[in-house]
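Asks: Next come the chains, spelled out residue by residue.
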Amino acid sequence: MQRILNNPDNIVDEMLEGFVKCHSDIVKLVKTNDDNPRGVVAAKEAPIAGKVGIVSGGGSGHKPAFVGYVGRNMCDAVAVGEIFSSPTATAFLDAFRAANGGKGVACLYGNYSGDNMNVKMAIKMAKREGIEVKTVVANDDVCSAPKDQREKRRGVAGEIFMWKCGAAKAAKGGNLDEVIEAAQKAIDSTRSVGIGLTPCTLPAVGHPNFEIKEGTMEVGIGHHGEPGVEVCPIENAENMAKRMVDLVVNDYPFTSGDEVAVLVSGLGATPVMELYVLYNEIEKLLVAQGIKVYRSYVGNYFTSLEMMGATLSVMKLDDELKELLDMEAYSMGFKQQL
Amino acid sequence: MQRILNNPDNIVDEMLEGFVKCHSDIVKLVKTNDDNPRGVVAAKEAPIAGKVGIVSGGGSGHKPAFVGYVGRNMCDAVAVGEIFSSPTATAFLDAFRAANGGKGVACLYGNYSGDNMNVKMAIKMAKREGIEVKTVVANDDVCSAPKDQREKRRGVAGEIFMWKCGAAKAAKGGNLDEVIEAAQKAIDSTRSVGIGLTPCTLPAVGHPNFEIKEGTMEVGIGHHGEPGVEVCPIENAENMAKRMVDLVVNDYPFTSGDEVAVLVSGLGATPVMELYVLYNEIEKLLVAQGIKVYRSYVGNYFTSLEMMGATLSVMKLDDELKELLDMEAYSMGFKQQL
Amino acid sequence: MSSIKNQNGRGILLSMVHAIQENKQYLGDVDGLIGDGDHGMNMNKGFTLYEQQLGENETTLSDGLFDLGTVLMNKIGGSMGPIYGTIFMEMSDASQDADEITLPLFAKMMEAALEGLYGIIDARPGDKTLVDTLYPAVQSLKASAESGRDFVQALEDMAAAAEKGKDSTKDMVAKYGRSSRLGERSRGVLDAGATSCCVILKAMADGMIQQLKN
Amino acid sequence: MSSIKNQNGRGILLSMVHAIQENKQYLGDVDGLIGDGDHGMNMNKGFTLYEQQLGENETTLSDGLFDLGTVLMNKIGGSMGPIYGTIFMEMSDASQDADEITLPLFAKMMEAALEGLYGIIDARPGDKTLVDTLYPAVQSLKASAESGRDFVQALEDMAAAAEKGKDSTKDMVAKYGRSSRLGERSRGVLDAGATSCCVILKAMADGMIQQLKN
Ligand SMILES: Nc1ncnc2c1ncn2[C@@H]1O[C@H](COP(=O)(O)OP(=O)(O)O)[C@@H](O)[C@H]1O
Ligand SMILES: Nc1ncnc2c1ncn2[C@@H]1O[C@H](COP(=O)(O)OP(=O)(O)O)[C@@H](O)[C@H]1O
Ligand SMILES: [Mg+2]
Ligand SMILES: [Mg+2]
Ligand SMILES: [Mg+2]
Ligand SMILES: [Mg+2]
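Here the protein sequences come in this chain order: A, B, C and D. Using our numbering, the letters of the first sequence map in sequence onto residues 1 to 338. Using our numbering, the letters of the second sequence map in sequence onto residues 1001 to 1338. Using our numbering, the letters of the third sequence map in sequence onto residues 2001 to 2214. Using our numbering, the letters of the fourth sequence map in sequence onto residues 3001 to 3214.
Treat the hints as calculated values from the structure; they're not laboratory data. All C-beta atoms in this analysis are idealised placements derived from N, C-alpha and C, irrespective of residue type, glycine included. Each hint should be verified, as a subset may be incorrect.
[Claimed, not checked] Which stretches of chain D does chain B cover? Using the computed rule of at least three CB atoms under 8 Å from a CB of chain B, they are:
id, segment
1, 3018-3027
2, 3120-3132
[As the list claims (entries may be wrong)] Using 27 Å as the maximum straight-line C-alpha spacing, the simulated DSS-like pairs for lysine-lysine come out as follows:
id, chain 1, residue 1, chain 2, residue 2
3, C, K2142, A, K124
4, A, K134, A, K147
5, B, K1335, A, K44
6, A, K292, B, K1028
7, B, K1147, B, K1044
8, B, K1127, A, K322
9, B, K1134, A, K322
[Said to hold, decoys possible] Derived Cβ-Cβ restraints for the label pairs, each shown as a range:
id, chain 1, residue 1, chain 2, residue 2, range
10, A, N7, C, K2164, 34 to 42 Å
11, A, D177, B, T1032, 26 to 34 Å
12, B, K1120, D, R3124, 15 to 23 Å
13, A, V231, C, D2099, 57 to 65 Å
14, A, D25, C, E2163, 43 to 51 Å
15, B, N1250, D, G3183, 21 to 29 Å
16, B, G1257, A, P37, 50 to 58 Å
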């Protein structure tokens, strides 16, 4: 294993220590009790009195997600789990506390059984403390369940649009219901798909978690290597783009005249120049269908350790989502100026 | 090869097409003549009349370098070469033209024989057109030549500090000599070292460019896989950090009481969480020597396709460099707000 | 004896802790075949943390189950934290006010555990998860309680049912959790969660039988 | 004849172009052993672009070398662009005003090429680069010019010297360029640049000899 590690059991805590030191202008580590000795990552100014708090959380190994999306006009606090493993309920509770500015908390997270369970429990605990929490559960990954079972689909890189829009709504003074509505609209308007090219290795395990044969690609792969809908011979960027755009566009009424936001994220080890080659093809295909790219994001936005491959997320925009997307933001993983 | 490609011969041009579409709020592609059909990447507002132009350039495959450092208060234009291959002299000339706001151009680039030759020729051509160009040649890589032959050393991730400080000086209204002086001071105050963990594969070639045996690491590796000073069994993050800090600190009088900027860059495929683990160790070692980290940057800032490993760059600060480093900047690869 | 004093919980809980500790490697190996190999590590971490917290103290079975559940929930995260956390906390809730744990009460505790679990997961018998161990164990206990069987015998039957249920996962195809990635290829190997659940139920039965025979 | 008309450049330049095209695969293979395998591709790209630019036109040798040098410099970048660009542009400069290319003039052209090259690279004979081909070729030409040798014979000697120089790189250790990474392991294999330089010089000599024999 050619990796940079001390004891793999401590990797998450050590990463957090380094992260918080490095980004002390944006975030802080909040430790409120011994039940969650790790603490949670909160925005420097959090909690902001009178603002709806934005919380997320999930397993580690997806950098910049989740800690990289804590910051100004982004998430107020996130709970941090072990690699590929949901944070505990207490960790989510601590994140609610750290984000709570008295107007309630919007917990915007991805649809994984561990996260669902732990968030549900944390909400019960928060209620006892008088913190009101409402949730939006991201399910943008089109290949993770059929269209008529959208509630079963996983959340992937589209979560970034959900955070961005929900957080912008909160920053603009929206109340909890308005924030939830905006975040829900963002994720309901978003469809994602991933193509995996190589597997990844959890440091504590030491060998690849699953297999993708050289010369093949896995269409519809999940962020932890969850199986896709098809394993086929590897294709060129143009054909990969075609598959991805077809899967995404056909799952939702994206039609000529629509304006969209596009996010192409690497899974970790694919050179970023290749992501731009892929984006170039995707953009051409969208434009050919009369769909206009209003904003685009290309880079390693939501990764799976050192997997190779990429995800595409497309969000259909209306005036409200455009305004929310356009807002300034300043976090480690997402910085946007006017 | 598990990569996202069309014809590998066109990868650079396709990447550029995607890059410029994606970041049209920051950059533009400037095509001025048929001798350089690729064009150069220039800041949206370039050339800025009355400001010294900042130019760089180099081979591709180092994303975000070099195109990712074009933007507000960063480079005004960069020349783009094939993968791991210097841009042509004409490309550099075009970058000079695109950046020239009438006050001369500072060409801040890395010490590689191809770049040296092509820049030299471009300067001759620029002179004929009445564009004054002065250069700073980065040589921050301590392992690429002995201390008494610093002029032979290669430029690596420390170039980012050179661009940041030179560009800030220009943005503050410095004249050409002042800009050159600031950029030279930045790179003279910077020392870098890399550790390589895996090789990388050029898409047009199809097999790894060199070998790093599983279980070993190459200390002092260059950004194209240039050999380091030692191949040894892979170590834990703490010991890697110790080696890196020792090599860097001992090469230059970094001493107790100094304030420094630290940049830990991944080489491409190392998970970013591991870079924070490494940074955490580096910071502890510096602090233990009485050296204070004034600002730090961790991420994939200067990569080598899908190599695994990391580089450390440390810049010793004085009041001027602090002020230059602190300035706002907005490019794809380097965004900083106050 | 036909019931256990709730206040004598320590021995039963330590029996469960030690069984997990002894099977750490084995559970890891089972998970390694079609999962990511960390199940033994995860479970051992949680149970050992509880052991440290308990220290030299006595505990009622109800409080001990509650504390164990809390530790799992708070410290191991993922799915196993809430899954085993829920199981133990539901058992605790259902017995909290009792001085004596009788067979009918124990059957109710286990039923509550299964119901609580169904409240948070979608897997059901046949999906190659720990439900395949827990469900037949609960059914066996319910039947024993209804027919007024001897408590010790009922526990032995429960352990056998758990074992059989665990073994049945070998021929199943995983539908939830990490191994579901393998589809048909997950057949032929035990499920890790079903295995740890069997280890826990057998150790609990052992600990209780010891009390009943005292 | 003892000199070549500068205006008859086309044949000589096409001889060089075709030699590179024919050796594209071979040069790639040589570079693949200790480099990255792209040398044939790089060179072929530059020379073929020049061929297209020339089209059906006639050219003087001086202008042709200048145009070829410019294409290499403008289109292939890296180190080879400026290296071969410099070589051909220096040869062009040194012959620009001449109607006839005599042996002494050609020797001067080649000397200018070597000196121009030395102005931009640090490698010298023995460093396993194209200098090991170019240097002995220049030395041979100078000696022939000084001793007033026949032009054709001088060109044949130059080609032989280039060949011998190229072969000598086999036993050398690379100090510049990509192969220097391998250190001692670079021994035993030809240098790619030395090989392409030999191909070019021999093709140039062939083209010139054809003119001289006309
Ligand atoms: N969604 C789920 N529903 C029911 N059981 C699950 C689910 N996910 C995992 N499990 C159980 O958890 C076991 C694996 O636990 P463990 O290895 O600790 O976690 P992980 O799979 O995250 O590495 C599986 O064998 C299965 O019994
Ligand atoms: N710094 C240098 N000085 C002299 N010759 C060099 C230098 N770098 C490369 N070469 C020559 O270039 C040849 C390789 O050319 P090529 O394969 O086209 O470029 P690259 O090495 O960038 O792939 C080498 O065999 C060597 O002769
Ligand atoms: Mg796991
Ligand atoms: Mg597991
Ligand atoms: Mg090359
Ligand atoms: Mg080469």
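Asks: Taking the hints in turn, state whether each one holds.
Replies: Here's how the hints hold up against the structure:
{"no.": "1", "hint": "3018-3027", "in the structure": "violated (count 0)"}
{"no.": "2", "hint": "3120-3132", "in the structure": "holds (count 3)"}
{"no.": "3", "hint": "K2142(C) with K124(A)", "in the structure": "30 Å, violated"}
{"no.": "4", "hint": "K134(A) with K147(A)", "in the structure": "25 Å, holds"}
{"no.": "5", "hint": "K1335(B) with K44(A)", "in the structure": "18 Å, holds"}
{"no.": "6", "hint": "K292(A) with K1028(B)", "in the structure": "19 Å, holds"}
{"no.": "7", "hint": "K1147(B) with K1044(B)", "in the structure": "40 Å, violated"}
{"no.": "8", "hint": "K1127(B) with K322(A)", "in the structure": "47 Å, violated"}
{"no.": "9", "hint": "K1134(B) with K322(A)", "in the structure": "44 Å, violated"}
{"no.": "10", "hint": "N7(A) with K2164(C): 34 to 42 Å", "in the structure": "39 Å, holds"}
{"no.": "11", "hint": "D177(A) with T1032(B): 26 to 34 Å", "in the structure": "55 Å, violated"}
{"no.": "12", "hint": "K1120(B) with R3124(D): 15 to 23 Å", "in the structure": "19 Å, holds"}
{"no.": "13", "hint": "V231(A) with D2099(C): 57 to 65 Å", "in the structure": "59 Å, holds"}
{"no.": "14", "hint": "D25(A) with E2163(C): 43 to 51 Å", "in the structure": "57 Å, violated"}
{"no.": "15", "hint": "N1250(B) with G3183(D): 21 to 29 Å", "in the structure": "25 Å, holds"}
{"no.": "16", "hint": "G1257(B) with P37(A): 50 to 58 Å", "in the structure": "34 Å, violated"}
Consistency with the previously given hints fails for numbers 1, 3, 7, 8, 9, 11, 14, 16, ordered from lowest to highest.
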